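Student: Chain by chain, the residues:
There are 2 protein chains.
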Amino acid sequence: MILVNGAAADSVAATDRGLAYGDGVFRTLLSKRGKPIAWARHYRKLARDCAALELECPSEELLARELARALDPAGAQVAKIIVTRGSGERGYAPPRKPSPTRIVMAGAVPEYPREFSHTGVEVAICRTRYAFQPRLAGVKHLNRLENVLARAEWSDPGIPEGLVMDDDGHIIGGTHSNLFLVETGALVTPGLARCGVAGVSRERVMEAAAAQGIACREEPVSQARLLRAETVLLVNSVIGVWPIRACAGHRWAAGEWAGRVREWLDERG
Amino acid sequence: MILVNGAAADSVAATDRGLAYGDGVFRTLLSKRGKPIAWARHYRKLARDCAALELECPSEELLARELARALDPAGAQVAKIIVTRGSGERGYAPPRKPSPTRIVMAGAVPEYPREFSHTGVEVAICRTRYAFQPRLAGVKHLNRLENVLARAEWSDPGIPEGLVMDDDGHIIGGTHSNLFLVETGALVTPGLARCGVAGVSRERVMEAAAAQGIACREEPVSQARLLRAETVLLVNSVIGVWPIRACAGHRWAAGEWAGRVREWLDERG
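Those protein sequence lines, which keep their order, are chains W and R. Position one of the first sequence corresponds to residue 18 (the numbering used here), numbered consecutively onward. Position one of the second sequence corresponds to residue 18 (the numbering used here), numbered consecutively onward.
Do not take every clue at face value.
[To be verified] With a Cα cut of at most 27 Å, we get these calculated BS3-like pairs of lysine-lysine: (1) R/Lys114 - W/Lys97; (2) R/Lys157 - W/Lys157; (3) W/Lys114 - R/Lys114.
[What the hints assert, rightly or not] DEER-style ranges, computed between Cβ atoms: (4) W/Arg268 - R/Glu71: 53 to 63 Å; (5) R/Thr136 - W/Pro151: 36 to 46 Å; (6) R/Gly23 - W/Ala93: 56 to 66 Å; (7) W/Ala91 - R/Arg61: 50 to 60 Å; (8) W/Ala68 - R/Pro112: 52 to 62 Å; (9) R/Glu247 - W/Ser172: 36 to 46 Å; (10) R/Asp173 - W/Ala24: 53 to 63 Å.
It should be emphasised that the hints constitute simulated quantities derived from the structure, not laboratory data. All values derive from a computational prediction rather than experimental measurement. Glycine is no exception: its CB is placed at the ideal position from the N, C-alpha and C atoms.
So that you can see chain W by itself, here it is in the shape it has in the complex (with noise of 0.2 Å):
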């Protein structure tokens, strides 16, 4: 089901700026029984993401009754939140009086196979890299091409994911997820001032990992450093978490770190 400004429908205009420019921001997230999950930090990140392209972010209970309209509210699903600036006229300027367009869909949760989650995944190594945009960095907006570019890479289904560099040759993180390594026990993800989404899954391991009393440093991860690491975590809202178990010839076996992260992502909120 799909709601375009509260009502049913299927298209937006043709002129929608989201369409023309990109103008807006996105967010995917899964749902339980009709109850999307880290519903708080979604919003808290859509409605920075908005604030980063001073765009109006339409209220949480809005939002938030038109995702209990779209839910299964028996099953599991995938749901989609796009803003953007709505229709204007011609040309990059905002509208004076911008009119922001809001989309909420829900959708099937793909079905990927459970040795992903377990025993993990193996992944591609992107040639598409990530420009250095620290105006973008960060956030989850409509601008995807370098996503795009990079996930056409390949085409083997038993290659879920690739891990995509930025200009300097450090990995920034997959095509959709964010990356995590394990160093003597301590945790490290890239840094993500210049380029890459920092999605609420990373916030929420970092947060997590806070509260253990784990270490969790942002810093740049080389592929020589990814390689090294005991472990390493590819996380996002739909897939959770899947260790790498495979990568440019490669191989680490499955460790406890999958299954202690995951739950704290199973943990409420």
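Chain R: place on chain W using the hints.
Tutor: Just chain R, lined up with the frame of chain W:
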């Protein structure tokens, strides 16, 4: 009038990848009495840009027919063509069998003061910088948040354009125009191998200069070099040519070059 895949419509699917990811390209061009100006070049550029995203480009005949339907046969209009990768399953991976969306729309020509073309324009210098992304440089794709952010930096209606630098501090062009400097009788335009959009008017100016035996080089343009130039010109398919008369406290007198370049662009194709 708007045609979506050949049918009069004012909306596109909410699941279109053009909206979700900016996964598509576009063209903006001028028409006179129902005829798009420099159509063959615009189509070639559209086809090249589609190829850069491995996107199937609609045929020239089909788009020309749809433009003829959409455009007013009497006056002048601005036409816009958008080609996206169409709707697909959730996720960045391009669909196995994509069904591209084409949107052809016609609208009013923006009314700029006549002085803009003759005595010239005052331009801002934007703080937003273009990131280096060689995979997308030159392509007029739908990921245009950098242009939106740059254009949002000023609101004075007397300033119709702003210059944008790359991450090295070299000027790449306007938010929606390409840039030429005149230096001792030769033309210089910023190279666009790492960022920026290589527009059709830029290509036409470069070819016309070559045909006239006037040197035109692609070189880095620092702010100091810009301010030293005899004449600075902005070009695009809708504005034609605007000389810059004021920027960063510097002023230029109207010279002969704007008129010369306008003649080149007024010639067919």
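Student: Can the suggested window of 56 to 66 Å be confirmed for the beta-carbon pair glycine 23 of chain R and alanine 93 of chain W?
Tutor: Distance hint for glycine 23 of chain R, alanine 93 of chain W is violated at roughly 39 Å.
Student: So if I understand the rule, the pair passes when the alpha-carbon distance is 27 Å or less; does lysine 114 of chain R with lysine 97 of chain W pass?
Tutor: holds (23 Å)
Student: Within 50 to 60 Å: is that where the Cβ-Cβ distance between alanine 91 of chain W and arginine 61 of chain R falls?
Tutor: About 53 Å separates the Cβ atoms of alanine 91 of chain W and arginine 61 of chain R, which means 50 to 60 Å holds.
Student: So if I understand the rule, the pair passes when the alpha-carbon distance is 27 Å or less; does lysine 114 of chain W with lysine 114 of chain R pass?
Tutor: Between lysine 114 of chain W and lysine 114 of chain R the Cα gap is close to 39 Å, so the pair fails against 27 Å, i.e. violated.
Student: Do the beta carbons of aspartate 173 of chain R and alanine 24 of chain W sit within 53 to 63 Å of each other?
Tutor: violated (38 Å)
Student: Compare the distance between the alpha carbons of lysine 157 of chain R and lysine 157 of chain W with 27 Å, and conclude whether the hinted pair is satisfied.
Tutor: holds (21 Å)
Student: Is the hinted range of 36 to 46 Å satisfied by the C-beta distance from glutamate 247 of chain R to serine 172 of chain W?
Tutor: violated (53 Å)
Student: Looking only at beta-carbon atoms, does the pair alanine 68 of chain W, proline 112 of chain R fall within the given range of 52 to 62 Å?
Tutor: At roughly 33 Å between Cβ atoms, proline 112 of chain R and alanine 68 of chain W fall outside 52 to 62 Å, so the hint is violated.
Student: Holds or violated: the 53 to 63 Å window for the beta-carbon distance between arginine 268 of chain W and glutamate 71 of chain R?
Tutor: At 32 Å between Cβs, range violated.
Student: Should the hint that threonine 136 of chain R and proline 151 of chain W are 36 to 46 Å apart at their CB atoms be regarded as holding?
Tutor: Holds - the Cβ-Cβ distance for threonine 136 of chain R and proline 151 of chain W, about 37 Å, lies within 36 to 46 Å.
Checked against the numbered hints above, the structure breaks hints 3, 4, 6, 8, 9 and 10 and satisfies the rest.
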